[in-house]
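S.K.: Chain A is fixed; fit chain B onto it per the hints.
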Amino acid sequence: MSLTHADVVTQRAESSARAAVARLLRGGVDARPLAVLRIVIGATAFVRALVAYGILERLSRPTTIRLPYVPWLPQLGPAGIPWLVALWAGAALLFTCGCWTRTAGVVLAAAMSYVLLLDEQTYSNHLYLLVLVVLLLVLANAGGALGVDARRGRVRPHAEAYAVWLLRTQVSATYAFAALAKLNPVYLSGATLAGYMSADLLVALPEAMRLPFVLACSWGTIALELGLAVALWSARWRRVAVAAGVALHVGMVALLPPAARMQLAIFAVEMVTLYVVFFVPLPSRAGADVE
Amino acid sequence: MRLVSALLLRAALAVGFLTLQIVVPTWLLFGARPARFGWQMFAAHTRAPAYVVERADGSRTLVDVDDYFAFRRGDLDPAVFDRLPAHLCALEPSVVTVYEQRVPQGAIEAHACR
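So the sequences go chain by chain: A and B.
No gaps in the numbering here: position 236 of the first sequence is 236 in our numbering, and each next residue is one more.
No gaps in the numbering here: position 56 of the second sequence is 56 in our numbering, and each next residue is one more.
With the rest of the complex left out, here is chain A:
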């Protein structure tokens, strides 16, 4: 049976794709950028533990309504809250310092996952993102540089390429789905974002400017998020994308209500720091960097 030109092209593409996947699964990359990411994410997780303490303390008050997210999950009594937060904060510190990095990362992710699933009021998207990023940094061997484990020679000195690639897809997925979920009539009308925006800000604008401003922010956010999901992968557009991403997150912190600012700032730090993974060269066929 003779092969057509299309068959040959398809076979070559499949073979090339398999080889690329194999290179990603086997390959190692410079551990230092991942270590920097580990330090920032660990410190962010530490700060988030303090935020969680406040929320959990209010959740334990008898006047607070309980909205269990996972009914079978054991509920935490008031006496257990300081212990959980101490475990979380301690694991975050060890992870930041790169000391017993893998164990600390798994414990940190477990503590944050428990809080994430505990109640509807303790769930947040940036906490979910922290859990996934910490686990991916564990897989990436982010303790391979700039930490106690690396100094004592307890870990391999390189990071895992496949986990770096997964960190990239995490960033893109977060932006892409955030944009796609906003493609609904209510959001596109500006009503959703107007509901979130700081009331003082809207009142300060001339009345004729309010709707155009809210619509520009609503539609602009979708365009920016979709653009970031794609542009960060392109060497040509990456620096522009980083600037646009920083502007998006700073804008969110500035425009949205003060009560949500701390959590938005944590999300901003997570996302902007994650941009570093797009600057880590991945292994390519010729030994050169993949772009």
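Hints may contain errors.
[To be verified] Here are the simulated distance ranges between beta carbons:
no.	chain 1	residue 1	chain 2	residue 2	range
1	A	L183	B	L9	54 to 62 Å
2	B	A6	A	L183	35 to 43 Å
3	B	R2	A	P78	47 to 55 Å
4	A	S198	B	R2	52 to 60 Å
5	B	R2	A	R261	47 to 55 Å
6	A	T63	B	A79	17 to 25 Å
Read the hints as simulated data drawn from the structure, not as lab findings.
Predicted, not measured: the structure shown is a model, and the values here were computed from it.
Cβ atoms here follow ideal geometry from the backbone N, Cα and C, with glycine treated the same way.
M.R.: Chain B in isolation, oriented as in the chain A frame:
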């Protein structure tokens, strides 16, 4: 053999993460907003209803909803507020009725405490 096992484990972990990153959020896009674990940040906004409690002595008090939440997310499931009247009744035995207005200028619903 050990190398193959390690590669298979990495491939399985990668598939697991890609499922969380792409398959789950794609599935959730076809459901109601906002869905958890779908990266649907600020895609929907839930307005809290207004509540007034009436006590046995006839006195009425406007309720500050935030006093009863640990952290009231802007995108809480609206169904959450179905549970608040019963919670207010349970907290204070002197409350006989909870009045609820879901939207401004909308109908007022009376929930009698049992």
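S.K.: Evaluate each hint against the coordinates.
M.R.: To see whether the hints hold, each was checked on the structure:
The supplied range of 54 to 62 Å is broken by A/L183 and B/L9, whose beta-carbon atoms lie about 37 Å from each other. For the pair B/A6 and A/L183, the supplied restraint of 35 to 43 Å holds, since their beta-carbon distance comes to about 41 Å. Between B/R2 and A/P78 the Cβ separation comes to about 49 Å, which falls inside the hinted range of 47 to 55 Å. Between A/S198 and B/R2, the C-beta spacing of about 57 Å keeps the proposed range 52 to 60 Å intact.
For the pair B/R2 and A/R261, the supplied restraint of 47 to 55 Å holds, since their beta-carbon distance comes to about 50 Å. At about 21 Å, the CB distance of A/T63 to B/A79 agrees with the hint of 17 to 25 Å.
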